[in-house]
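Trainee: Listed here are the chains, written in short residue letters.
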Amino acid sequence: MSTASAPKPDRAADVQKEESMRLQKQMIAGHYEDLERAPAEGRKVVYTFVPGNLTELLSSFDLLPNLPEINALQSGMRKLSGDYIQEAEKQGHSEDVCTYVKCDIGMLKKGNIGPTGRKLPPPDLLLLSYTGCFTFMKWFELLRHEYDCPVAMLHVPYQSDGRIHPHHVDYIVQQLRTEVIPKLEQVSGRRYDEARLQDSLALSARAEDDLVRVLESAKARPSPIDAYFGGVYYIGPMFSAFRGTREGVEYYRVLRAEIEERVRQRLGPITPDGPMAEERYRLVVEGPPNWTSFREFWKMFYDEGAVVVASSYTKVGGLYDRGFRHDPARPLESLAEYCLGCYTNLGLPSRVDLLEAYLRDYGADGFLINSVKSCNSFSVGQLLILRQLEERTGVPGGFIESDLVDPRYFSSGNIKNRIESYLQMLEQKRRAPAQP
Amino acid sequence: MKIFVGIDLGSTTTKAVILDENACVVGAGITNSRSNYDVACRVAREEAFVRARFNLTSQVFARDPELAAHEKSVVSALNRHFRLQHHLDQLEALREALHRSAEAPRHQEHHRELVERIDLIVKAMTERAAAHFSGLGVRKSDFFRDLAAADYMSLAEKHSDPKGIPFETLCGLFDAAILVVENSTADGSFQRHITAALDATLEAAPPALQSLGPRLRRAVDSARGLELEEAASVGTGYGRQRLPFPKEQIRSEILCHGLGAHVLFPRTRTVLDIGGQDTKAIQVDANGIVTSFQMNDRCAAGCGRYLGYIADEMNLGLHELGPLAQQSHCRVKINSTCTVFAGAELRERLSLGQQREDILAGLHRAIVLRALSLLARSGGVSEEFTFTGGVARNPAAVAALRELVQENYGERTLNISPDSIYTGALGAALFARRSAEKAA
Numbered sequence: 001m002s003t004a005s006a007p008k009p010d011r012a013a014d015v016q017k018e019e020s021m022r023l024q025k026q027m028i029a030g031h032y033e034d035l036e037r038a039p040a041e042g043r044k045v046v047y048t049f050v051p052g053n054l055t056e057l058l059s060s061f062d063l064l065p066n067l068p069e070i071n072a073l074q075s076g077m078r079k080l081s082g083d084y085i086q087e088a089e090k091q092g093h094s095e096d097v098c099t100y101v102k103c104d105i106g107m108l109k110k111g112n113i114g115p116t117g118r119k120l121p122p123p124d125l126l127l128l129s130y131t132g133c134f135t136f137m138k139w140f141e142l143l144r145h146e147y148d149c150p151v152a153m154l155h156v157p158y159q160s161d162g163r164i165h166p167h168h169v170d171y172i173v174q175q176l177r178t179e180v181i182p183k184l185e186q187v188s189g190r191r192y193d194e195a196r197l198q199d200s201l202a203l204s205a206r207a208e209d210d211l212v213r214v215l216e217s218a219k220a221r222p223s224p225i226d227a228y229f230g231g232v233y234y235i236g237p238m239f240s241a242f243r244g245t246r247e248g249v250e251y252y253r254v255l256r257a258e259i260e261e262r263v264r265q266r267l268g269p270i271t272p273d274g275p276m277a278e279e280r281y282r283l284v285v286e287g288p289p290n291w292t293s294f295r296e297f298w299k300m301f302y303d304e305g306a307v308v309v310a311s312s313y314t315k316v317g318g319l320y321d322r323g324f325r326h327d328p329a330r331p332l333e334s335l336a337e338y339c340l341g342c343y344t345n346l347g348l349p350s351r352v353d354l355l356e357a358y359l360r361d362y363g364a365d366g367f368l369i370n371s372v373k374s375c376n377s378f379s380v381g382q383l384l385i386l387r388q389l390e391e392r393t394g395v396p397g398g399f400i401e402s403d404l405v406d407p408r409y410f411s412s413g414n415i416k417n418r419i420e421s422y423l424q425m426l427e428q429k430r431r432a433p434a435q436p
Numbered sequence: 437m438k439i440f441v442g443i444d445l446g447s448t449t450t451k452a453v454i455l456d457e458n459a460c461v462v463g464a465g466i467t468n469s470r471s472n473y474d475v476a477c478r479v480a481r482e483e484a485f486v487r488a489r490f491n492l493t494s495q496v497f498a499r500d501p502e503l504a505a506h507e508k509s510v511v512s513a514l515n516r517h518f519r520l521q522h523h524l525d526q527l528e529a530l531r532e533a534l535h536r537s538a539e540a541p542r543h544q545e546h547h548r549e550l551v552e553r554i555d556l557i558v559k560a561m562t563e564r565a566a567a568h569f570s571g572l573g574v575r576k577s578d579f580f581r582d583l584a585a586a587d588y589m590s591l592a593e594k595h596s597d598p599k600g601i602p603f604e605t606l607c608g609l610f611d612a613a614i615l616v617v618e619n620s621t622a623d624g625s626f627q628r629h630i631t632a633a634l635d636a637t638l639e640a641a642p643p644a645l646q647s648l649g650p651r652l653r654r655a656v657d658s659a660r661g662l663e664l665e666e667a668a669s670v671g672t673g674y675g676r677q678r679l680p681f682p683k684e685q686i687r688s689e690i691l692c693h694g695l696g697a698h699v700l701f702p703r704t705r706t707v708l709d710i711g712g713q714d715t716k717a718i719q720v721d722a723n724g725i726v727t728s729f730q731m732n733d734r735c736a737a738g739c740g741r742y743l744g745y746i747a748d749e750m751n752l753g754l755h756e757l758g759p760l761a762q763q764s765h766c767r768v769k770i771n772s773t774c775t776v777f778a779g780a781e782l783r784e785r786l787s788l789g790q791q792r793e794d795i796l797a798g799l800h801r802a803i804v805l806r807a808l809s810l811l812a813r814s815g816g817v818s819e820e821f822t823f824t825g826g827v828a829r830n831p832a833a834v835a836a837l838r839e840l841v842q843e844n845y846g847e848r849t850l851n852i853s854p855d856s857i858y859t860g861a862l863g864a865a866l867f868a869r870r871s872a873e874k875a876a
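Residue numbers (my numbering), protein chains in the order written: chain A, 1 to 436; chain B, 437 to 876.
No wet-lab data here; the hints were simulated from the structure. A couple of the hints might just be wrong.
[What the hints assert, rightly or not] Non-contacting residues of chain A with respect to chain B, defined by C-beta distances greater than 10 Å in every case (computed):
hint, residue
1, 37
2, 195
3, 399
4, 420
5, 424
6, 429
[As the list claims (entries may be wrong)] Pairs of lysine to aspartate or glutamate residues, derived as EDC-like cross-links and limited to a Cα-Cα distance of at most 20 Å, are as follows:
hint, chain 1, residue 1, chain 2, residue 2
7, B, 683, A, 279
8, A, 373, A, 96
9, B, 683, A, 146
10, B, 683, A, 303
11, A, 429, B, 684
12, B, 683, A, 96
13, B, 559, B, 507
14, A, 183, A, 83
15, A, 429, B, 593
16, A, 416, B, 684
17, B, 599, B, 639
[Claimed, not checked] Computed, partial: chain A to chain B, Cβ under 8 Å:
hint, residue
18, 305
19, 381
20, 392
21, 395
22, 396
23, 421
24, 428
Bear in mind that the values here come from a model prediction, so they are computed numbers and not experimental data. We put the beta carbon where it would ideally sit given N, CA and C, even for glycine.
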């Protein structure tokens, strides 16, 4: 499908699309404005990471979260990351270091202007919850060298046997009580207010319900959403600063209504070139997307009629579709379970099980791995995942390689060639029984 | 007759294969891709059509009881004379192009002298031409560029003079002119040259054959006149987007190599293709349908170009590398996975006094090792596997592959077709035939 041959988007879909997108854009811009004004207004800022974030707890102390990964990927999408990475390399960071880290360090060295052009405030606290990614620890070590501020560390044990045990939860709750909450009290000058946290968690659960409905809408044929390229937008507010907020609840209410309308009308996903005309391949994708050539990458899929119906990347900030909800009745315990259950904290067998379930539940024709050069926590074991899924499901897998935010590692011609070959292979397999 | 055409636009060479209605190959052509896929496509196609006409000629001969006995010798002689005619044609085109290059203002001062030298050189090249196609000599290459360059350079050296017309000036003229010759394609060369080739064949033929002259002419005329109706064509390879085909007629080279290898060796389940800039490890099922594949990423070290680069570094022809490496008795271990670094390692080893053949043996093993990692990723090496692509023509690469597969997977049947370079184009032609069948 190309711009020229695509049917004109119908007006209703256009308006609906604009509503949730407009809301999100406004929310993100507003958050960066809040961050910029924070020092002048005396608000305290906490730097923290997406997987296993404690957003509700932070907001119960009136603390503003700033998420370096989100800044990095936003900088990638806005074509700013290349310069930042080179700046970090000038400072001595190796070519093989995680490019999110280098993008963040480079941005800092160039004046810490955020992706929307707003100045980012220095942290009052570095809250390190390194769920499944050990690079996070090194990242904040670097930031601690830059800023003279306290660090709170939350150790989230890895799900080695694919289960969350009560002792895991106890261990995290104890750290929350003895390490994290006291530091948050110290930085904010407020007392821990459990009732406020509970209110916030109740809002989280409402928005989480709607997000799950949106993600699961991809079970419909045609799928009304692309659960990877569109999915990264849908998880945006939930994975960043808007979990447990009224704005978040409103965003997901509007989004869900739009998507349900698309299901009713049997419409496919909206792409940057308009609605997808025909759904030819349903794919499950593992691994983060490439951000620097995000649109070009997406186009390689929708031009061929390939829609992603489920992805693991949209679960790095929580596996809500497997039933987890924040629970106001068990505030700290449910935060602990949330941290433990993020996709990046799962062991390899659990990841294979999850992807297998997605292939089955979403009626996928194939699955594709985008292996990211500089992300060890995601990329390790991906070839094993590929083999095991092929063995278990008989669904053919594909493998492509790119990077998060280093534009030098997106080789457009090669990736396009690979994707086209892979889709043609699916097509050939599909037709195989009819052929001699 | 109905024919189906497959074109494989590779980074190094472009291949064309023509199939008949029974999926038998009737013609194949190959040319260097240069930087111009359109021209490469036309040249390879034209070559395949010429081959097809020769095949048809053979068939006509074989059907005629009086000619059948002479089929092999006559067609072979026809072929040689045809190639010579074609080569002479191109030499004339080269002379014209050289003259045009010599007209550049910077040559004004010594223009007359330059043209004299050019004419001397091309005349000598023309005299040498017959030897290339004598049937006794071994041609180092089938490409006009390679044959002409070797002759031209040696003659230019002889006819140049540092005080008058320097060697570099003559080289510069050749570089410009050869592009012009390569990029001009002549359609219908069979039609144009076959009569002269037949005349020359008959002239040199024994009296018994000469008496069959009129019969031979009729046979050649019937092969020349047969209409070849191109029912469908499919393109593949790196330059496939450049082919003037609609999207439905373009297939990924993965699928084409899989299907091509399956047709050549039906029991094949694993295909390894090492081409100019990529290496593909492909698994196929019993019907030649691709079930999984892996390709080299981000880096093309370990592909055909790696050998090309090494050949340049060593001042050798690409085809000389393998045989030289096979003379090794003490293989050197090469660690570089980067082509450019491997070149540096090569120079260092040479300076340490290590033997060229031993270093080359190490380099061949290094590229096969990279291919082996892709094979492992794609699902391993099954009972019967097929090696395709330009590198499959290299005996040292094949030997290294055999050895490493044996070490890693045990006893396996390794297939290599002498026509392995055409595997992708063959697969494409088969896809063309299938699509035409489906449309019918």
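Trainee: Of all the hints numbered above, which does this structure not satisfy? Sort the numbers upward.
Mentor: The structure conflicts with hints 3, 4, 5, 6, 9, 12, 13, 14, 15, 17, 18, 19, 20, 21, although it agrees with all the remaining ones.
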